[in-house]
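Peer 1: Listed here are the chains, written in short residue letters.
Protein chains: 2
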Amino acid sequence: MDNNVVAYIKSLSIDMINKAGSGHPGIVLSAAPIIYTIYAKHMNVNPKNPNWINRDRFIMSAGHGSALLYSTLYMAGFLSMGDLKDFRKIDSRTPGHPEIGLTPGVDMSTGPLGSGLASAVGIAIAEKKLNFNFPELIDYYTYVLCSDGDLMEGVSYEVASLAGTLKLNNLIVLYDSNNISLDGSTNYTFTENVRERFEALGWYTILVDSKNKINDIDKAIKKAKKSMLPTFIEVKTILGEGSLLENSNKVHGKPLTKEDITQLKKKLKFYENPFNVNKELLDYFRTQISNRSGKKYNEWMEKYNDYVLKNPSNAIEKFINQSYDLVLNEKSITFKKKETIRDANNRVMNMLSKRTPLLFGGSADLFESTKTYLEEKGNFSKDNYNGSNIWFGVREHAMGSILNGIAATGYMSFGSTFLSFSDYMRPSIRMSSLMNLPVTYIFTHDSISVGSDGPTHQPIEQLASLRMIPNLTVYRPADIKEILGSWKCIFELKKPSALIISKSETYTLRDTDIEKVKYGAYTVLKERKKIDAILLATGTEVETAVMVALELEKEGKDIRVVSMPSMTLFKNTTLKYRNEILPVGKKVIVIEAGSSFGLRDFVSNGRYLITLNEFGTSGSSDEVLDRMNFSLEKIIDRVRKLL
Amino acid sequence: MDNNVVAYIKSLSIDMINKAGSGHPGIVLSAAPIIYTIYAKHMNVNPKNPNWINRDRFIMSAGHGSALLYSTLYMAGFLSMGDLKDFRKIDSRTPGHPEIGLTPGVDMSTGPLGSGLASAVGIAIAEKKLNFNFPELIDYYTYVLCSDGDLMEGVSYEVASLAGTLKLNNLIVLYDSNNISLDGSTNYTFTENVRERFEALGWYTILVDSKNKINDIDKAIKKAKKSMLPTFIEVKTILGEGSLLENSNKVHGKPLTKEDITQLKKKLKFYENPFNVNKELLDYFRTQISNRSGKKYNEWMEKYNDYVLKNPSNAIEKFINQSYDLVLNEKSITFKKKETIRDANNRVMNMLSKRTPLLFGGSADLFESTKTYLEEKGNFSKDNYNGSNIWFGVREHAMGSILNGIAATGYMSFGSTFLSFSDYMRPSIRMSSLMNLPVTYIFTHDSISVGSDGPTHQPIEQLASLRMIPNLTVYRPADIKEILGSWKCIFELKKPSALIISKSETYTLRDTDIEKVKYGAYTVLKERKKIDAILLATGTEVETAVMVALELEKEGKDIRVVSMPSMTLFKNTTLKYRNEILPVGKKVIVIEAGSSFGLRDFVSNGRYLITLNEFGTSGSSDEVLDRMNFSLEKIIDRVRKLL
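Heads up: the sequence lines are chains A and B, in that order. First residue of the first sequence: 1, per my numbering; consecutive thereafter. First residue of the second sequence: 1, per my numbering; consecutive thereafter.
Hint data in this document are derived by calculation from the structure and do not stem from the laboratory. Do not rely on the hints blindly, as some may be mistaken.
Since the list gives no way to pick one copy over another, a pair counts as held whenever it fits inside one copy or between any two copies.
Claimed, not checked - Computed list of lysine-lysine pairs in DSS-like fashion (alpha-carbon distance at most 30 Å, straight line): (1) K310 to K258; (2) K250 to K382; (3) K250 to K338; (4) K226 to K554; (5) K530 to K19.
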């Protein structure tokens with residue numbers, strides 16, 4: 001019967017791809033026994049409550065296997081036959097690659113290879129921490145189905161090395177091993193011993209290479225559950241098994257021909273019409289899930305109710321609803337006269353983490369420099385799964401993907417590195433933004449003033465290129481008040497965010513304002529009467545702009561200074577507000593130590609942009625600022641000439 | 001004596017860091033014996049001809065070890081004591097991290113971890129191909145010194161897997177293994193068995209863990225040279241050995257205290273003043289190099305002269321000078337009435353590769369989709385090092401870094417993937433641009449019209465975010481003539497480039513122009529009399545713009561259409577030319593299927609930008625274009641409303 005269900009899943013998936021006129025039949029035919037065994041024999045899920053916090057997670061890292069996932073989710077009761085028929089149509093619940101939030105039962109958006117597996121490590125990390133805090137209530141497994149392509153991506157190595165170090169034995173990765181990728185045989189590209197690689201990284205590995213796949217995969221998963229290490233199960237398969245094109249890259253990414261489908265369905269003993277309903281097979285599949293998961297779900301509900309009774313503070317409900325008292329205002333923290341922005345951010349984050357357990361994250365080996373360490377919260381390690389500081393190692397891409405997994409589990413995750421190195425994790429930042437997850441990326445050392453480390457460490461284009469990512473809110477605060485205001489927005493909006501902060505010392509400015517950060521930009525130095533010019537600046541350049549304005553005041557100029565901690569939020573305000581801050585007809589001059597891209601909106605002529613569009617250079621901070629015409633003296637001079 | 005030289009190198013490096021007031025002493029004190037052994041006992045180099053094509057290469061992948069590299073290069077005769085004293089000063093030849101082109105003897109810019117090791121694989125690949133073509137003339141080794149941090153980066157895994165597959169036995173990696181990274185012990189982050197990992201990837205590995213380091217490293221390198229596989233030599237060291245802070249992260253990135261330096265120099269038996277010249281040690285070091293390398297260099301010159309005599313075509317000189325007859329014009333290729341831009345690019349690239357052997361590159365498992373395969377040129381593989389098509393696997397980041405190594409060796413390298421996935425290789429693209437290397441990144445599937453693969457595969461912000469990278473020339477051609485024009489510029493400028501091409505079919509336009517691509521933008525549809533509006537478009541949107549113009553002509557509107565195949569080049573033209581193309585006061589409307597960032601320069605008001613600033617969605621191409629208001633009908637309507 002198991003084999004009949006697998007054949008049915010294959011058949012439905014092929015029907016979907018055929019009807020859509022696009023999709024990936026290869027993986028459907030190779031990996032169906034794997035996904036079937038996971039769902040039928042192991043997954044604890046409840047289609048009626050797809051967001052149940054203690055559900056087992058399944059991540060289709062090979063996101064192009066979406067048809068296979070959707071047909072399985074139909075079988076499991078998450079989707080309807082109508083959904084399958086709408087595969088890849090606009091507005092359907094069955095898009096080209098899996099999308100979290102859109103499809104019940106999908107635990108992570110995938111498609112770009114490697115990212116699913118990487119984010120799964122984050123989900124497993126979150127389980128470990130939740131399990132520590134709620135041992136009776138949280139004990140889920142995270143299953144991943146991945147392909148050769150996933151494992152070629154560097155991020156798969158990064159997260160696997162960290163998962164091994166952290167001994168995440170709640171993570172079970174199944175590898176659809178067929179030696180074919182899009183362009184053909186992996187002989188030209190990928191001849192490594194994959195299991196040995198995972199063993200070297202501290203994983204338990206199992207090979208399944210038999211005819212009796214379902215039975216052997218089932219046994220392997222049972223062994224994995226007993227392991228003290230994360231488990232990697234290599235399942236030898238044949239890409240596009242049964243197709244006329246089997247075992248070639250031709251079966252990877254295009255619908256099968258009619259002839260091929262006909263012979264395939266004969267082989268699978270499926271003579272039926274497309275999308276035929278087979279109640280017997282459906283019942284067989286669903287009964288297995290409901291017998292196991294239904295019981296577990298009911299027991300869990302009892303434990304949950306019991307927990308709520310015994311714990312008047314009700315920490316689990318608070319966590320699930322993210323309901324923490326976080327009134328943030330000028331009383332929340334003391335303001336120093338002068339402070340580096342990264343130190344100020346450190347104090348704000350530590351204040352926040354004392355008031356909510358939601359903050360969970362770390363640094364890509366730059367705690368010492370980015371100063372995002374949460375004191376008193378401990379290190380997350382194999383010996384302390386309650387730590388809130390994750391040591392990601394020099395693995396920015398892994399960090400981003402893991403933060404996505406952690407955020408998808410209910411935390412407000414964060415991670416820090418230098419702004420220059422945000423490039424390494426751009427694919428993850430894009431995924432956070434697509435999934436609308438509350439991940440906060442903290443990027444310090446935000447300009448050429450990092451100095452003597454030279455151009456590789458001096459961001460130029462990074463700030464603007466982050467602002468371009470749809471749905472990402474970028475903050476570049478000028479001082480501690482704007483940092484507090486930024487975090488206030490981050491906690492209120494619960495959206496993907498990037499917080500760009502400097503290593504430099506600045507004054508806490510008189511008229512910066514916690515509450516006004518949400519408007520994105522506001523006046524921090526009012527003109528006296530008329531406006532000769534408006535200086536629009538962000539981050540450390542706000543202090544510079546104020547100094548420029550005060551200097552030019554001596555020469556009789558009347559200048560307004562506007563701080564723009566978030567261009568993203570400013571663009572979302574009303575036209576009326578924007579015109580109040582930047583009145584039409586007034587000369588606006590932008591000062592920002594980064595690319596001019598995106599700033600042209602605010603000025604009437606490109607020459608009013610005091611920005612940086614060339615690479616930096618190695619030298620002391622002062623030397624570099626002077627060379628790039630960004631020292632205070634030179635900026636005063638440049639503004640003077642523009643007036 | 002060897003140990004005295006090592007102590008001297010350490011001493012000089014510490015002096016440099018101390019004088020500069022910044023730098024990284026930890027690696028200086030741990031890795032000095034490694035770099036010394038490589039240079040003194042193995043490297044074939046000629047300080048008088050630092051760009052000798054058959055020199056051995058040394059890549060300091062741990063770029064923060066620049067002081068150690070520079071003091072060694074001083075010892076070897078590449079730099080002066082004055083250079084060492086200027087360490088990290090502006091305009092010096094000894095910048096914060098190594099920079100190719102700036103410092104003789106530096107074979108690759110490094111700093112961002114992982115990238116040096118990754119590019120070294122490209123240098124080794126280039127050697128294999130050159131060695132195939134010029135077996136008597138090219139037989140260099142590539143040495144890499146890397147740190148824990150390098151090996152944590154995913155790209156180090158990606159390239160190592162490929163190097164193992166390709167059996168690059170000309171590559172010797174030495175690992176400064178000390179279990180400390182910036183934030184502290186690697187126990188929290190990196191407990192994998194690194195040598196087992198490299199063995200799993202097909203490498204020969206050796207452990208050096210002894211007091212007699214120089215002797216044992218020397219022996220290990222000798223073994224490596226006999227291996228049929230790439231070699232990974234793990235050298236167990238103590239970070240900051242001899243410092244009061246040894247074996248802790250405190251010694252990683254800050255100058256040592258005066259007290260520490262005093263005791264350290266005592267320990268090293270160096271009582272001398274800073275930057276003391278020790279002629280005896282210098283001679284001992286240089287004699288070793290000149291005895292070995294001098295002989296090899298002279299023999300090589302003989303062989304070279306002999307080769308030139310025997311080969312009237314003189315392929316090696318042609319290669320070194322990149323002097324190939326590449327007159328490109330409308331006779332170079334046939335134009336079809338209609339063709340997809342990727343197919344047209346395929347034909348152009350194949351025409352070019354028949355006329356020059358400089359084109360060497362491949363695809364990150366997307367030959368089938370990007371269509372950048374060079375027919376008749378064969379696959380680069382362990383069995384055919386003469387192939388010109390490299391199968392990078394699903395490893396975009398590795399591809400970019402390897403392309404940098406190949407370009408640094410004299411080829412015009414290229415690599416292709418989907419535009420969406422350019423995010424994965426952004427760090428490498430930045431390095432190409434910083435190093436000014438002739439790498440061409442080919443990114444296809446350049447808009448939301450990829451359709452049913454959904455938003456992960458639909459680029460929005462990528463085109464503009466590439467344009468922002470300093471020193472990168474971005475092309476988005478409209479048809480085969482502009483493709484040819486783009487390649488003409490690429491071959492003439494020999495600069496880092498990104499070629500953004502569509503999978504869609506377009507007409508070959510009547511007035512597109514090979515020669516005008518170099519101006520970045522030009523008129524492809526002239527107005528009849530007056531100008532009601534100018535439509536400025538790129539890529540497939542040029543055809544759209546022409547159709548819009550013709551449609552609105554029926555309604556009496558007089559419209560000019562300007563194609564802008566390269567914003568980068570257009571911005572470099574004279575103001576006079578720009579005003580001819582886009583006369584001041586005329587209404588310009590931009591049509592581009594991507595982010596509006598950077599386009600605001602061309603229009604008088606943001607509402608004249610017909611662009612995309614939100615993520616796409618899964619659906620058929622037509623459905624998606626319609627939903628995003630980018631179907632031809634909707635664009636006609638939007639333009640009409642703007643007139």
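Peer 1: Reference check for the pair K226 and K554, CA-CA at most 30 Å: within, between, both, or neither?
Peer 2: neither (75 Å within a copy, 74 Å between copies)
Peer 1: When no copy is specified for K250 and K338, does a C-alpha distance of 30 Å or less occur within a copy, between copies, both, or neither?
Peer 2: Between copies, since 26 Å is at most 30 Å while 64 Å is not.
Peer 1: As a check of your reading, is K250 near K382 (CA-CA no more than 30 Å) within one copy, between copies, both or neither?
Peer 2: between (44 Å within a copy, 24 Å between copies)
Peer 1: First find the shortest C-alpha distance between K310 and K258 inside one copy, then the shortest across copies, and answer within, between, both or neither for a cut-off of 30 Å.
Peer 2: neither (62 Å within a copy, 60 Å between copies)
Peer 1: First find the shortest C-alpha distance between K530 and K19 inside one copy, then the shortest across copies, and answer within, between, both or neither for a cut-off of 30 Å.
Peer 2: Close neither inside one copy (66 Å) nor across copies (50 Å); limit 30 Å.
When the structure is compared with the earlier hints, violations turn up for hints 1, 4 and 5 and for no others.
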